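Residue numbers (our numbering), protein chains in the order written: chain A, 366 to 480; chain B, 2 to 113.
Please note that a few of the clues may not be correct.
Claimed, not checked - Derived pair list, reagent style EDC-like, types lysine to aspartate or glutamate, alpha-carbon separation capped at 16 Å: (1) B:K100 / A:E395; (2) B:K79 / B:E21; (3) A:K435 / A:D393; (4) A:K435 / A:D391; (5) B:K100 / A:D424; (6) A:K383 / A:E427; (7) A:K436 / A:E387; (8) B:K100 / A:E421; (9) B:K79 / B:E16; (10) B:K62 / B:D86; (11) B:K100 / A:D416; (12) B:K70 / B:D86.
If you are wondering where the hints come from, they were derived from the structure by calculation, not from laboratory data. Treat the numbers as computed from the prediction; the structure is a model and nothing was measured.
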Amino acid sequence: DVKVTQSSRYLVKRTGEKVFLECVQDMDHENMFWYRQDPGLGLRLIYFSYDVKMKEKGDIPEGYSVSREKKERFSLILESASTNQTSMYLCASSSGTESSGNTIYFGEGSWLTVV
Amino acid sequence: AQSVSQHNHHVILSEAASLELGCNYSYGGTVNLFWYVQYPGQHLQLLLKYFSGDPLVKGIKGFEAEFIKSKFSFNLRKPSVQWSDTAEYFCASSSGGFKTIFGAGTRLFVKA
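I would like the entire structure built from these sequences, with the hints used as guidance.
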């Protein structure tokens, strides 16, 4: 089974703090993603990466950055956390091959509260 | 731009009722379509997907979805829901690239 592991389930941070959310996948997937999930808005893509050191902006990249130094690890960084970044953050990965049909596998999510 | 619309934000059903959740996508080219489910306290998981071939797709737990290209729809159905189907359901589409677009989600509550 594919496993996507997010390092923290629950975090509480102060406004202005730098926040790191870590994600590791164990299936040698090329593609990794960070989404945020908010009620009534579904999942919105923040950033994705299709290879080591490669990254692409998603739909809502403002206020976030990412890092992918190793294939299995994809980090989301909030440079200066703000209260409107309080949300559930989901990491995901996919193999990106035609045979997989781009099926995405999700981690359990990280609940971030910014106070 | 590619988008996914889910018709209902909240659905409340009694056990044994039939379910149909609407989903429409906007992309006019080749698409992969998905339904994901998130049970309370659990992570998102794939329910079923359409990639090619038979437009009627069967997934886990008795769910199925029908891809109707002319209507840009991929509605999810189950003939008889159970209390354990209480969850949030997300429709998603991918145009074959890296990006998958999700709908806003539909919260289903099944009364025992």
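Checklist entry - Looking back at the numbered hints, which does the structure fail to meet, lowest number first? => result 12
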